[in-house]
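Please build the complex by placing chains Z and X on the supplied structure of chain H, with the hints as guidance.
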Amino acid sequence: MNQAVISCLHANLPALEAVLKDIELQGITNITCLGDLVGYGPQPNEVIELIRDKKIPTCQGCWDEDVVDGLDACDCSYPSQLAEKRGHFAHQWTTDKLTKENKDYLANLPYSIRKDKCLFVHGSPNSQHEYLLPDMDAFAALERVENARAEILFCGHTHQPYIRELADGSIAVKIKNAAPKDIQEKEIQLPMRRIVNAGSVGEPRHGGTKATYVVHNEVTNEVKIREVEYDLELTCKAIIDAGLPQIFAWRLKNGFEFAEQAEDASHVCER
Amino acid sequence: MDPASLNTFWFELVNGAYGDVYRAKALMNLPDGRYILFNWIVSQQGSQYQTLNQVAPLNGRPERCSEIVIQGKNLNFESIKSTIHNCLLNDAVLDHHQTSLRNSQLQTARR
Amino acid sequence: MIERWALVSGLKGDLDTYELIQKDLKKTPGNITLFVLGDMIGPEKNCNRLLHRLINPKSNDLQPWCIYGWWEEQILLESGYRGDQRAETLRINKGEEVVKSLTNAVDKSFLDWIAALQFGFVELDCGLIHGSSKDIGENLTLDTPPLTLLDRLTRLQVNRLFTARSKEQFHLELTEGTVNSEIEDLNGNRKKEQKVPQKAVIGIGAGKNYTLYDVGTDNTQFVQAGYKSEKRIKGFGML
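Chains H, Z and X are the protein sequences, given in the same order. The first sequence begins at 25 in the numbering used here and counts up by one. The second sequence begins at 297 in the numbering used here and counts up by one. The third sequence begins at 286 in the numbering used here and counts up by one.
Any given hint might turn out to be false.
With a straight-line cut-off of 25 Å between C-alpha atoms, the simulated BS3-like cross-links for lysine-lysine are [as the list claims (entries may be wrong)]:
1) X/Lys-312 / X/Lys-330
2) H/Lys-277 / Z/Lys-377
3) H/Lys-261 / H/Lys-234
4) H/Lys-205 / X/Lys-452
With the Cβ distance kept under 7 Å, some of the chain Z side facing chain H (calculated, not the full set) [to be verified]:
5) Asp-298
6) Ala-300
7) Ser-301
8) Ala-313
9) Asn-370
10) Cys-383
11) Asn-386
According to the in silico footprint, chain H covers these stretches of chain Z (three or more CB under 8 Å from chain H) [to be verified]:
12) 302–310
13) 373–382
In case anyone wonders, no lab produced these hints; they're calculated from the structure. Ideal Cβ positions, reconstructed from N, Cα and C, are used throughout, including at glycine.
Extracted from the complex, chain H is given alone in its bound form (with noise of 0.2 Å):
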């Protein structure tokens, strides 16, 4: 039995049309999305009523906390100033448009949803405004993944796909200074475990233009990333007619996305 796992709408319609019907093509209809369903992109009312009208369950992302109690990220969430204005302008732009409805529903989205072994949260257990890269020191990616009490985290967030295993794993401890009763030496064997960045349906950022999304077989645990391409300059003349920055375009069509790095995880906000 398949699941597919989509993530970062960011209200791009014409995205998620495609990556929803990529995902019924392969007659797949158990569907959990990560949130992020708006943000940055021209259609976020339109985009919410498709996840609400086909009952998909979904995570809360950061933008759609945001929008509804006020901006709660701390500036080390922007890499860089100009990032954070922009981010502010659409903050704005995107509160402004949204339905009381549509803000209810967003407000009213569950932090994580569980199913058996399967743990789905937006950013990490710990914050949905965690990003976790895929090269993130291996032992700290376990550490979310164990500390959640899960076997496969689905996180999203980086708007990078990947699945990363983390197997074998040992940690050897000794205890140091103490009575000769006490002093000891012992290894933990660390369980294997995965993640899963379900990536980008409406804002890639691995370096080209197309939507992504993930597979998930319960029976064999396969996972596979999928590539959807759609229609770039339908939303891109959207971004424009709703008097978005046309640098929200200009990054989607080129596929430039990822010029804006986010913050590694073990990065310390103090707030």
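This is chains Z and X only, laid out in the frame that chain H set:
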């Protein structure tokens, strides 16, 4: 200028976000007192960056100007202007930056 | 000269203990830096005299380098230094009385000094914090899963983490770690084996129990204030 923002702006500029650029050259002041020369020519691979020798003191805005010259076609000057504007640090942020830089220099001295 | 750190926490207004520690340290050989890892205040006794002494050391005191701890965080919350939040966790767990005792134990004139304290210090390759790099209220102990300890070390990018929140004294070395990682993305597959170099988490104790750390040899000594040095080496290892 916020260094990370400047980096993004320069990437966008030379990759055609604001029109077709053939040649771009800039001298930019950074909050840590550095003065950096940016150079880009369409026929050459990548940009050249050079830190000039003159370092400004860490006490507010430098006296020298940041400058930029762009040659190209269909340039969107309004958009360039507003993006540069979004890269500029205000007095409070600049002061915050420079205070922490001064403090880290002091800490090094304490050790 | 041997470089030593003295690591103290959980004084909770106890000036007598602080004076005992200062006295101890005067007799301890080496070039000593004194770090106070939070909980200088608490609800049990008036903390003003200790705070005054920390801010204005006597001429023969070792200069204390302080960070804020869990109790400082509570008073800052309750006094409006953290926006709209108040010390609700404390109120729910310990009741209104304790919240009141805490705010009564510290004169308001000290709040700005407390608010200006840092979350932690990074010295050489060591992180000095009150709880953990994830949360000021997190207890790290010998029973904390090593994977969690490693994560807290990684977050600060340090090889040794000194923590106080659990009040326990321990020195746990993570001598070796390895994990195989296989990443598949749109660029293909890559495998790598990650190993950790030797790292350690050190619980420094609280109140009279404090820790001496010899920077050159990486050895800890768990001490109780007021005990003679030969006694403390023999008698105070693990608690």
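Quick rundown of the hints versus the structure:
1. X/Lys-312 / X/Lys-330: violated (28 Å)
2. H/Lys-277 / Z/Lys-377: holds (22 Å)
3. H/Lys-261 / H/Lys-234: holds (17 Å)
4. H/Lys-205 / X/Lys-452: Given pair H/Lys-205, X/Lys-452 holds - Cα atoms ~21 Å apart, limit 25 Å.
5. Asp-298: Nearest chain H Cβ about 4 Å off; hint holds.
6. Ala-300: Holds: closest Cβ of chain H sits about 3 Å from Z/Ala-300, inside 7 Å.
7. Ser-301: holds (4 Å)
8. Ala-313: Given a least distance of 5 Å, the restraint on Z/Ala-313 holds.
9. Asn-370: Since the shortest Cβ distance to chain H is 13 Å, the answer is violated.
10. Cys-383: holds (5 Å)
11. Asn-386: With a closest approach of 9 Å, the Z/Asn-386 hint is violated.
12. 302–310: holds (count 5)
13. 373–382: holds (count 3)
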